[in-house]
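Once you have looked at the hints, place chains B and C on chain A.
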Amino acid sequence: MLVPTIGIEVHAELKSNSKVFSRSKNDFNDEVNTNVDELDLAYPGTLPRLNKEVISMALKACLAFHCKINRHMHFDRKNYFYPDLPKGFQITQKDTPIGYDGYIEIKTDDGIKKIGLERIHIEEDTCKSIHSGKQTLLNYNRAGVPLIEIVSKPVISNGKEACAYLEALRETLLYLGVSDVKMEEGSMRCDANVSLKEENSETLGTKTEIKNIGSISKVAISINYEIERQKKILESGLKVREETRRFDDKTETTILMRVKETGNDYRYLPEPNIPFVNIDEKWYNDVLDSIGILPNEMREEYSTLGISSNNIATLIANKELNDYYRSIYKKTDPIILANLLTGDILSHLNKNNIELKDTHLKEKDILKLTDLLSKKTITSKQGKEILPSLLESDENIDEVIDKLGIKSLDDGALEKIVQDVVKANSQSVNDYKAGKEKALKFLVGQVMKETKGAANPEALNRMLIEIINKIN
Amino acid sequence: MESLDKEKVLHVAELAKLKLEDQEIDKYAHELKDLMKEIDRIQEVKIEDEEILISPSENTNVYNEDIVGNMLTREEILKNANKKYGSYIAVTRALHD
Amino acid sequence: MTNYLDLELKEIHELLVSKKIRPTDLVKEAFLKIEKNKLNDFISLNENALKEAEALGEVEADNIFFGIPIAIKDNIVTKDLRTTCASKMLENFNSVYDATVIEKVKEKHMIIIGKTNMDEFAMGSTGETSFFGNTLNPRNKSRVPGGSSSGSAAAVASREVVLALGSDTGGSVRQPSGFCGIVGLKPTYGSVSRHGLVAFASSLDQIGPMTKNVYENALLFNLIAGKDEKDLNTVENNKDFTSLIGKDIKGLKIAVPNYYMSDVINAEIRNKINEILEILKNKGCQVDFIDIPNLEYAIPLYQVIALGEASTNLARFDGIKYGFLSDQEKLEDMYNLTRSIGFGAEVKRRIMVGSLVLSGENADKYYYKALKLRHNMVSNFKKVFEKYDLILGPTNTDVAYPFNRHLDNVLQSFYDDLLTIPVSMAGLPALALPIGFNHESLPIGLQIIGNYFKEEVIYELASFIEKELNLDLRIGSDK
Chain A
925 MLVPTIGIEV HAELKSNSKV FSRSKNDFND EVNTNVDELD LAYPGTLPRL
975 NKEVISMALK ACLAFHCKIN RHMHFDRKNY FYPDLPKGFQ ITQKDTPIGY
1025 DGYIEIKTDD GIKKIGLERI HIEEDTCKSI HSGKQTLLNY NRAGVPLIEI
1075 VSKPVISNGK EACAYLEALR ETLLYLGVSD VKMEEGSMRC DANVSLKEEN
1125 SETLGTKTEI KNIGSISKVA ISINYEIERQ KKILESGLKV REETRRFDDK
1175 TETTILMRVK ETGNDYRYLP EPNIPFVNID EKWYNDVLDS IGILPNEMRE
1225 EYSTLGISSN NIATLIANKE LNDYYRSIYK KTDPIILANL LTGDILSHLN
1275 KNNIELKDTH LKEKDILKLT DLLSKKTITS KQGKEILPSL LESDENIDEV
1325 IDKLGIKSLD DGALEKIVQD VVKANSQSVN DYKAGKEKAL KFLVGQVMKE
1375 TKGAANPEAL NRMLIEIINK IN
Chain B
22 MESLDKEKVL HVAELAKLKL EDQEIDKYAH ELKDLMKEID RIQEVKIEDE
72 EILISPSENT NVYNEDIVGN MLTREEILKN ANKKYGSYIA VTRALHD
Chain C
47 MTNYLDLELK EIHELLVSKK IRPTDLVKEA FLKIEKNKLN DFISLNENAL
97 KEAEALGEVE ADNIFFGIPI AIKDNIVTKD LRTTCASKML ENFNSVYDAT
147 VIEKVKEKHM IIIGKTNMDE FAMGSTGETS FFGNTLNPRN KSRVPGGSSS
197 GSAAAVASRE VVLALGSDTG GSVRQPSGFC GIVGLKPTYG SVSRHGLVAF
247 ASSLDQIGPM TKNVYENALL FNLIAGKDEK DLNTVENNKD FTSLIGKDIK
297 GLKIAVPNYY MSDVINAEIR NKINEILEIL KNKGCQVDFI DIPNLEYAIP
347 LYQVIALGEA STNLARFDGI KYGFLSDQEK LEDMYNLTRS IGFGAEVKRR
397 IMVGSLVLSG ENADKYYYKA LKLRHNMVSN FKKVFEKYDL ILGPTNTDVA
447 YPFNRHLDNV LQSFYDDLLT IPVSMAGLPA LALPIGFNHE SLPIGLQIIG
497 NYFKEEVIYE LASFIEKELN LDLRIGSDK
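Residue numbers (the numbering used here), protein chains in the order written: chain A, 925 to 1396; chain B, 22 to 118; chain C, 47 to 525.
Calculated directly from the structure, the hints in this document are not laboratory data. You may find that some hints are simply not true.
[What the hints assert, rightly or not] Listed below are the simulated DSS-like cross-link pairs for lysine-lysine, each with C-alpha atoms no more than 27 Å apart in a straight line:
# : chain 1 : residue 1 : chain 2 : residue 2
1 : B       : K100      : A       : K1058
2 : C       : K376      : A       : K1184
3 : A       : K1031     : A       : K1018
With the rest of the complex left out, here is chain A (with noise of 0.2 Å):
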């Protein structure tokens, strides 16, 4: 029987102020060739640089994956020709990773399986290329950006792990802040080996690789497709062919890019220009040290309070959202704060197309209002109509309350109402007190209608039963 051995390479840009090897800004999303210096475009006589903050980035990566660390590294030179390389070379690490052997776990239908790391080496990235007629054109903003190379080994079965791979990848790198992880931007980017092997086989069949795939859930489905492509030519008793293939999102297919020629020839040698990096105790520790917690661990942090699974799904995929929450979610109910913000705070940032940061939200307001809902001193309904404010405008939460006329009861106000309506309603009284639960909702109504909708229902309920209790 045929089973999938998938290997997937992730590069993810690392989020230093400066590139790797030269002292220019990292921030290829501006303007055309702005930042780029002689380096980035292999003058003669230029040397490299080292960017020590991109090593720390990316031995966190590695700490955060479990990996080994080579701990004395040096990098290597790549040679092949292309116009988006300045140099003919690349400068990467073949030799000595700066992390191997590492895991990423994923949860699968059999529980949690363990997602092997191959290797995680630092390198740089290309420059980017536009193709125009017969000409292509060049932007060296990106040529020297740092890049993490993660390379898994080949034991993904199918989209679905892959998928899952990859979202436990992603959202790793997002918070621990090294990367944006944006596939749609490219600061991620991904490419898939898929082969089929006899299922008790030690040997692994030909591969394919499907290269740039734009999107997480684009990976499942190209591996999917291509599994099923592979399987159909090995059943007939044909070869698979070693391919480059793409996927084409209008089709949902790979199509082919170039047969793979015989063993690219990179010819590897020591980059000299770049002297040894030794990794000692304490830079090791600083960067173990400096990683916080983790979406993981957050999950079973957030399920241990009592969040619903759905926000905090929501909370974990919305980076900025959860670092709020997180820096106020102790003062007050969490679960509430959870609500409201996964809630009708995130849809109000979604239908106006804006981050937390652009509203007027003030952290003393929006834990009150918390409270206020904890101590059901407001109903949701209320809650509802403040928050918008909150947003929108400046004015604190005591001046919205005042603006819309809200009066919270307290239980004094509430109570003198509810004997009055109780009074005012003896046959109701007795049909609850006969068993008819009817007749305790048509004094609630009633009630209601007096505080025109401000009593809290769930308070309210049990103020009508306890002073019914007394009355005999």
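For chains B and C alone, kept in the frame of chain A given last:
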């Protein structure tokens, strides 16, 4: 090292992006053979257990802080480029792109 | 014609300070001499030199290098003057930045007279691979000046300039210094920043001072040495390298490798060296003949490492960002033709060898083996320096020979560097010092090899020998 045949010479020329005329191929095959014979002599030295030396420099951990340095103006970037297109440096497009 | 440029640096400086001469006088003399000598030692002349000199004339001479004419090898980039590396590939190339050493030269208000001729991309030992034609040896115009720093050596030897900068990868400062009769230093690897030196072999290249005497060489070295954050392999070096000049050399322990005095070396050269060794022994130096293992593998070792590195260093020349372009319909053709037309034959040959030794299984077989051999060579030299202060030998196996000797022999150009290559491999410093002439009046050079970062000891011995011999090295003085 075996004698350098035409195939090998052409393969190396392809790696180095050098175009050889027919008469050059033979000349190069001959010259490279001489040079490789000389280079082969290093196989005589028995030093398998020796460490490798990448550079005579004994420096380690030489790096800079993550601060943006001086960059070129777009004018300077395009100054020496043979083919330009607006703000871009242009080049002949590859067949498979 | 004036002859201020024949004078010692100190004397010129005094004349400038006392305003007996002006910087423009020196520049004019330089240009006149260059025109008269017709050595083809300059690829580009600085057309602004006179203007710069005029501006300096208005200001006080604030340091010993003020207003001094200097020549720069054309593989060191200068913003204001083209840098060609003697290649068609960079025939019209203007760098957007100055090399670190150029910044230092400009800071001291030296006047760059021009960029000197050389072997193409520093690949050669005679100057004959230059796209701009041969440089002639000022001692004897039918002879090669040596290479690859051919023009710098010729310009200093003929006193067209006071000082020059060259570069040395396998002997390219020392060998032409030997052939032209001047003083040239290859510094310890990492002493001088390579930022702005067009790379040939990254782990071997160093920029070196080329001058008419030892003291001025040490002064220029003082200036250019130092840590540079743009070259990660540089090391801090705050010493004054003139500090031991004049000190008594008694007690110095000197080693002479037998390999360096073998039959492959011209007999007249060996005799001259032996004369020097006698003088040193009489002065109280300890002089021993020793064997250093594996020196005979230096040439194949160099070919693997230097050419391997060179093949990748030259990969950036593709006509896209700068340099010569042969524009074609197909990209493959563009690459192939640009590089085949832009590079000369020697460069192409070396790129081919370099690519070959790194290709496929060859990398392990040759390149990594060579890196082990290199480690071994360094260990062997370090052992020698545990017991000795300096190593002595000739700079070259022969004196300056006629042009076209290498025409059909691709190995020969490497064998010229037989004695200089091991030193480069190990990263050690070495100085070429003129010690006399052969029967044809062609200069003979002594090579003084020092321990890592101990150039001051080299200068100590060199200046003693120089003083002792008191040679008149001016062109025509031997007639």
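So, going through the hints one by one against the coordinates:
no. : hint                : result
1   : B/K100 <-> A/K1058  : 22 Å, holds
2   : C/K376 <-> A/K1184  : 21 Å, holds
3   : A/K1031 <-> A/K1018 : 31 Å, violated
Checked against the numbered hints listed earlier, the structure breaks hint 3 alone; every other hint is satisfied.
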